[in-house]
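> Spelled out, the chains give:
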Amino acid sequence: MPADNPPDGFHRVDFDGGRPATFNSHIGTLYAKRGPKGTRDEFVLAFRVQPHMCNPVGGLHGGMMMTAADLVGTMGGGTLSGLRKFLPTVSMTFDFVAPAKVGDWVEGRVEVVRQTRSLLFTNIYLTVGEEKILRASSIAKIPSGEGQAFGKARLDRSAKVAAERPTS
Amino acid sequence: MSIPPGFRRLTETVGFAAANGPWFEKVENGRSVRGFVVGPQHANALGIVHGGMLAAFLDSAMGTAVWHALGRRSVTLRLSLDYLGPARVGDWLQAEGEVVGHDEHVARVRGRLYGRRHDVLAGLGAFALLSRQRKLRTGS
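So the protein sequences, as listed, match chains F and A. Letter 9 of the first sequence, counting from 1, is numbered 9 in the working numbering, and no numbers are missing. Letter 101 of the second sequence, counting from 1, is numbered 101 in the working numbering, and no numbers are missing.
Next up, chain F with everything else stripped away, as it sits in the complex (with noise of 0.2 Å):
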């Protein structure tokens, strides 16, 4: 199992907060990085591609493509417009454009489309290196009023503040 070593400026996203796992803890381990406002890094989901993330051939699943791709257009969708509730996804459109093996560094990304006052429409790209390996469209519904309390997923900081930690 190659080890998750995420790149600078990415932090395990902590969805559970030491509540039992659900399932974007199960297929995990993800990671986040937050860029400056309007840059293509505003948002990035990230995952290492591990063993129990793939398909019989040694490939990533479609399945966890997929699910990386509705949590970038939920979270990251909702990240650049503003939006600080739960959004349920109504409809997703899949294009499976390349496949990814284990050790690749996936980062996912997302372009808000449009927004109304009930729905946000996203397309999310899936990348490795370069190249696209997943393109997605998304539609949310924006639930009315304060929408459903849902656990807030945060960026597990620790372990980069344990490393900038001066050791004396």
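Hint data in this document are derived by calculation from the structure and do not stem from the laboratory. Treat the hints loosely; a few may be bogus.
[What the hints assert, rightly or not] Computed beta-carbon distance windows for the label pairs:
1) 88(A) / 111(F): 42 to 52 Å
2) 105(A) / 130(F): 22 to 32 Å
3) 119(F) / 77(A): 18 to 28 Å
4) 51(F) / 28(A): 31 to 41 Å
5) 22(A) / 51(F): 12 to 22 Å
6) 88(A) / 103(F): 27 to 37 Å
7) 2(A) / 41(F): 46 to 56 Å
8) 131(A) / 119(F): 34 to 44 Å
9) 112(F) / 77(A): 38 to 48 Å
[Stated by the list, open to error] Computed from the model, here is a short list of chain A residues facing chain F with C-beta under 10 Å:
10) 13
11) 22
12) 40
13) 50
14) 51
15) 60
Ideal placement from N, C-alpha and C gives every residue a C-beta, glycine not left out.
Chain F is already provided as a structure; the job is to place chain A on it using the hints.
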């Protein structure tokens, strides 16, 4: 949660399918129906099954439908999904696919994922057919 009669546990799964199982299958009159019981590991913090899990499961059922209908292995080219209703922890969910058309290279498949009382996910997919000679090297 009891598994409905006729379903066999898929024991040959590895990787993603094994990590998110157990998955079950029933083959009747040359058609396959797959099922699984929703556990907490399939759900989000609201106790609703993750869209990615539903997508993965329907995709597997649709790919299996290609195998049963055409005797060809396939890989997913495109999948369009509409989320119709939520499914929850403890639910027994089933998924099946139907090949609605194909040529030498691509099969078009309609898919449906549903619980005991309601439809959960509707899918339409294009699956690239692998050549009949090609053997999948499994177990890696």
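> Now tell me, hint by hint, if it's right for this structure.
How the hints compare with the structure:
The given range of 42 to 52 Å is broken by residue 88(A) and residue 111(F), whose C-beta atoms sit roughly 32 Å from each other. The hinted range of 22 to 32 Å is satisfied by residue 105(A) and residue 130(F), whose Cβ atoms lie roughly 28 Å apart. Checked against the hint of 18 to 28 Å, the pair residue 119(F) and residue 77(A) passes, with Cβ atoms roughly 27 Å apart. Distance hint for residue 51(F) and residue 28(A): a CB-CB separation of about 33 Å, consistent with the stated range 31 to 41 Å.
A beta carbon spacing of about 18 Å between residue 22(A) and residue 51(F) agrees with the range 12 to 22 Å that was offered as a hint. For residue 88(A) and residue 103(F), the Cβ-Cβ distance of about 36 Å falls inside the hinted range of 27 to 37 Å, so the restraint holds. Hint check: residue 2(A) to residue 41(F), Cβ distance near 49 Å, so the stated range 46 to 56 Å holds. For the pair residue 131(A) and residue 119(F), the beta carbons lie near 42 Å from each other, so the given range of 34 to 44 Å is met.
Our hint of 38 to 48 Å for residue 112(F) and residue 77(A) is violated, since their Cβ atoms are close to 26 Å apart. Of the supplied interface hints, the one on residue 13(A) holds, with its beta-carbon coming within about 8 Å of a beta-carbon of chain F, less than 10 Å. The interface hint given for residue 22(A) is violated, since its Cβ lies 14 Å from the closest Cβ of chain F, which is over the 10 Å cut-off. The beta carbon of residue 40(A) is positioned within 10 Å of a beta carbon in chain F (closest approach about 6 Å), and the interface hint is therefore held.
Given hint, residue 50(A) at the interface with chain F, holds; its Cβ is 4 Å from that chain's nearest Cβ, closer than 10 Å. Residue-level restraint check for residue 51(A) holds (minimum Cβ-Cβ distance to chain F is 5 Å; threshold 10 Å). Interface restraint check: residue 60(A) against chain F, minimum CB-CB distance 7 Å, threshold 10 Å, status holds.
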